[in-house]
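Heads up: the sequence lines are chains A and B, in that order. First residue of the first sequence? That's 1 in this note's numbering, and the numbers climb one at a time after it. First residue of the second sequence? That's 1 in this note's numbering, and the numbers climb one at a time after it.
FYI, nobody ran anything at the bench for these hints, they're computed from the structure. Treat the hints with care, since some could be wrong.
Covered, in the sense of this in silico footprint (three residues per stretch, anywhere, with C-beta under 8 Å from a C-beta of chain A), are these stretches of chain B [claimed, not checked]:
| no. | segment |
| --- | --- |
| 1 | 188-201 |
| 2 | 206-220 |
| 3 | 230-240 |
| 4 | 292-299 |
| 5 | 319-326 |
Listed next, the in silico DSS-like pairs over lysine-lysine satisfying Cα-Cα at most 27 Å (straight line) [stated by the list, open to error]:
| no. | chain 1 | residue 1 | chain 2 | residue 2 |
| --- | --- | --- | --- | --- |
| 6 | B | Lys192 | A | Lys452 |
| 7 | A | Lys48 | B | Lys226 |
| 8 | B | Lys192 | A | Lys48 |
| 9 | A | Lys52 | B | Lys277 |
| 10 | A | Lys48 | B | Lys329 |
| 11 | A | Lys539 | B | Lys226 |
| 12 | A | Lys48 | B | Lys188 |
| 13 | A | Lys52 | B | Lys192 |
| 14 | B | Lys283 | A | Lys445 |
| 15 | A | Lys452 | B | Lys226 |
| 16 | A | Lys52 | B | Lys329 |
| 17 | A | Lys62 | A | Lys52 |
| 18 | A | Lys606 | B | Lys329 |
Just so you know, even glycine gets a beta-carbon here, dropped at the ideal spot from N, CA and C.
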Amino acid sequence: MLLPLSWLKDYIDINLPLQELARVLTMVGLEVDGIQVVGLPLPSEDEKHEFKFEGLHWPADKFVVAQIDEVMPHPDADRLTLCRLNDGSGELIVLTGAPNLFPYKGKGPLTPSIKVAYAREGAVLYDGHKPGFVLTKLKRAKIRGIDSFSMVCSEKELGISEEHEGIIILDMEAPTGMPLVDYMGDAVFEISILPNMIRDASVVGIARELSAATGRALKIPVRQVPSSGPDITGNAFVEIRDPALNPRFALGLIKSVEPKESPYWVQRRLRLAGMRPINAIVDSTNYVMLETGEPLHAFDYDILVKRAGGKAPTIITRAATEGELLTTLDNVERKLDSNTILVTDTAGPLSLAGVMGGLESEITPETRNILLEGASWNFINVRKTSTRLHLNSEAGYRFSRGVHPALATWAIDLCLERMQQWGGGTIYQGLIDNYPQPPVDPEIKLTVADVKRKLGIEIPPQQMAEILTRLEFECQIKEDFIIAKTPPLRLDIGTDEIGKADLIEEIARIYSYNNLPETDLADDLPPQRNNASLELEEKIKDILVSLGLQEVNTYRLTSIERENRLFPKDLAPDLQPYVRLKNPSAPERAVMRRSLLSSVLEILEKNSRLRDRLAFFEIAPIFLPVQGELLPNEPRRLAIAMTGKVENTAWDLPESRLMNFFDMKGILESLLQALHLDQVVYEPATNNSMHPGKCAQIKIGEQIVGLFGELHPKVKENYDFLTPAVLVAELDLETLIALIPARFESISVPVFPPVLEDIAIIIDEEIPSDRVEALIRQTGGKLVTDVRLFDVFRSEQIGQGKKSLAYSMTYQPQDHTMGATESTALRNKIVKRLERDLGARLRG
Amino acid sequence: MIEKPMIIQELEEIQDTALEALKKIENEEALQNWRRDILGRSSAVMSVFSNISQHPKELRPLIGQVANQVKQTLETALLDRSEIVKEAAILQKLQDEKLDVTLPGRRPVTGRYHPVSTVLRRIYAIFADMGFQVHRSRDVESDLFNFELLNIPAYHPARDMWDTFYVEGEGVVLKTHTSPGQIYAMRKNAPKPTRAILPGMCYRYEQISARSEIQFNQLEVIAVGKNITFGDMKGTLNGFVRRLFDKDVRTRLRPSYFPFTEPSAEMDVECFVCGGKGCSVCKGSGWLEIMGCGMMHPVVLQNGGYDPTIYSGFAAGMGPERISMLLHKIEDIRYFWGNDIRFLEQFR
Ligand SMILES: [Zn+2]
């Protein structure tokens, strides 16, 4: 809502500095997004700019009201005129090319003279000829041989609007010589209207809030002069088919009004409020809508009479039939559905109720007689219609949020009067008012205790009533409660407990949130419990970060094409179920991901040329639709992707090894070990995304918790990587977390010395190394506390298809010192077992 | 008086010459050679002992005594010289090993947290101290939980506040805020009191720009009980803000509107960069918008399983990315999901 300050002052005497006023408005819930000054001074440079300011100041000595007494032709230029102008300090000649002065050219001295906005030499204003708003300073120059140093201004030059077709012609009453800023200096507040405060999408509404906040009196505009014309009865009839759709429909009538230009001050106000002035008839409906918040609609009465075959028209309001057609005044034929409410007559649809008028009955330059509609509509239907037809009108904006039906007749009365003032004519007496369904304005009992329970402060009934009365509630004050009746201008107050909450909000808002006390929570503390899944997830992050991995957070929205990069081109699946958006914002963000690894790999790829070593992980959900269920499964996953060098290079260590399968395995081993998961088995596995010989799954007990390996060369091709190997892992976090023991037991530090022994065996290439280790441990039992593979060796000497594995073993007896005999016996036992079970041969 | 035997004179000469030579020795190797030549088994001094029987019997004690003295003198001198040589060698070694200490060190690889994780942990920790516990909830949500139960019926004007992503199927959306978690958390606890924080990823249909993203984290705080007031909300949130910014920052509350709270407010924090004087971070206003909050709407309390005539509560919502942006002067919200290593590396 754009609120011109001058307009606001019609309804409340308020003289606060602009920033202070903006602060008061913001603090009652009318947030000021910016202030456009139109003549008034801007805050000085050293003052704090709490609000965004824009616009042009008109210093009193540079901009004044002037009068043009004669418009004379320019001797050498047809498109220019010379004006004999008086700026209050004397007469001078001013050059202008304004087309709206041409009609006066060569007509001799003018009576009455024309009042204009005049800028003296040295004035800084906007350049009317440049696009946008560019400042320029008026300097002395010769134009076509005539001295020029000052000018009569257009709205654009003064920063009132974009209008630069001609100069401003002020109303006749404007006093010559008066500083322009005093005559019409203004400031426009850009205010965000909250969805529950649609009543304040109006100048009176905002004035009411200010009145409540400041205690200053509100001057509500009402029609001044009763009509003296004929009675309206019999000139039109109204039929409401469904009061639930149309609780009220009222009509006023004015005849012989002329659609001429409105007075300049009206046009200026409308422009400042963001509306385009058209003529006195249309302007008065828009003016009253902005003033009261009630959108009005003017019909050309003669057209309605013609459609009714020369008789008094009957207006019928009803739901549209499916597929019914209406051409709206923007000349678009609209196909309607049954959610749309129509204003029709006996000949068919006239307008989209509450949204937009029809073309046929619109106001034209020939219109003289006006039937003026003030109504109220079901906001849901208005909303559905404007959403479906993408029609954003000022009327639709208000009606779709709920306008109280009581405003209709007040607004019609005001509008008829303004129409007559600005366009002449005769107002008919009375209104045709069909009001089948007045809303119940809730009456709420609110106790001091209710308020204290929510706000933490006792506000006496007198004070509660005072605040609400300023918002026009009717209040009865009782001993420790009030009864407040909602004023017939708002629909946002509920009943019972909701009504109480609504009133408490009103009281708190006007009392000011910042005046309410600040207290510490004194209520019972709920039972405190651990959140194991979150805490373990955070622990996993800690471990991975300590292992040198960088955490990333990626988009959960992706596209199927992006995810399919995770498979060789010839193997990409095409029938996986996805959570798909109905209204994606971009094709590459159209589905919820099924793979976390795919997201992390994209990030690895994106950074692949920036660093020698990259190691990323993410913990986040994936989205798996479930047949027959409304909502998908959202299991959390851990994905890791790494490539490049093992270590950072340095000045004396220029080369570092590249990461391979075992670097990834080492990370996972360290992670699982740190989580006290000991019974972990790594098994060869296959997966379309992975190198068939460099892929393993992680098994803990019977559970498979994840898969890791080197990216398949055909998959790597789908990405832009320069490094030879990309290592990836994806773990099922929830399964993993469920396996983590809640606690672990420590082992006493041994008292007796350990015995260390190395052993090297030769076995078949096909035998996995973990079988050797398992066998050593099994054979050694509790005595063998550590087995570490320290060398893998192959050579011709050893033989084709064979490998040598060297282990270092730690024997740790708990209750005695192990002697040479015992350790040799143990060693022999282990070797025998390896020979027997694995066909191993002790290496020399 | 017996004349000094020849051998004694010789010994004295050997001693003088040897001591002279020793003085000039600078390294361990020459020292060992000197030791071999002068005190070795076949040296002149040592051979005096082995050949003592060649001398007259009466002279033997004297010769023996002198030879012993010479031997001792030479041994002592050797030890002394040896000390000096060792010390010099150490000094030389230290000299030779001198480094250019300004050369860069070798850095081990390090891991880091994503900045959003860091800020979330900080928020969790502050609220945990006040007894608030984390409840997480799903991303793909039903219209019922995302809107209806939160007092936002279909076609309610408040629905305009969210540009919603709709999922194929009837009544499914990507959650537009973490508020559905309010219902889950309350239903889990009611009628016992609830103190919860609800973090989660939210989604809004937007044009992605430096200021807006289609996905963003939100974090809500709720407290429900029998005696919870607007004043408690102010106290709790002010306490949080003071700890978050590690400063006694001023705050203010402006009336606002959310369908699930009433009264509703926006909380502004006095700009911690300029102290409220106005700067580029606060765009000159001196205030930073930090969160929305309010007293829980009776309908929401009811839907959460609490009788609104007995129970009351507050809710507040904030954007972890926005807080991170304010704390670290991050200019572009797209950096968070862009994951450029040059951005991430800064959050050490
Ligand atoms: Zn600042």
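Tell me the numbers of any earlier hints that the structure contravenes, in ascending order. Those not satisfied are hints 5, 7, 8, 11, 12, 13 and 14.
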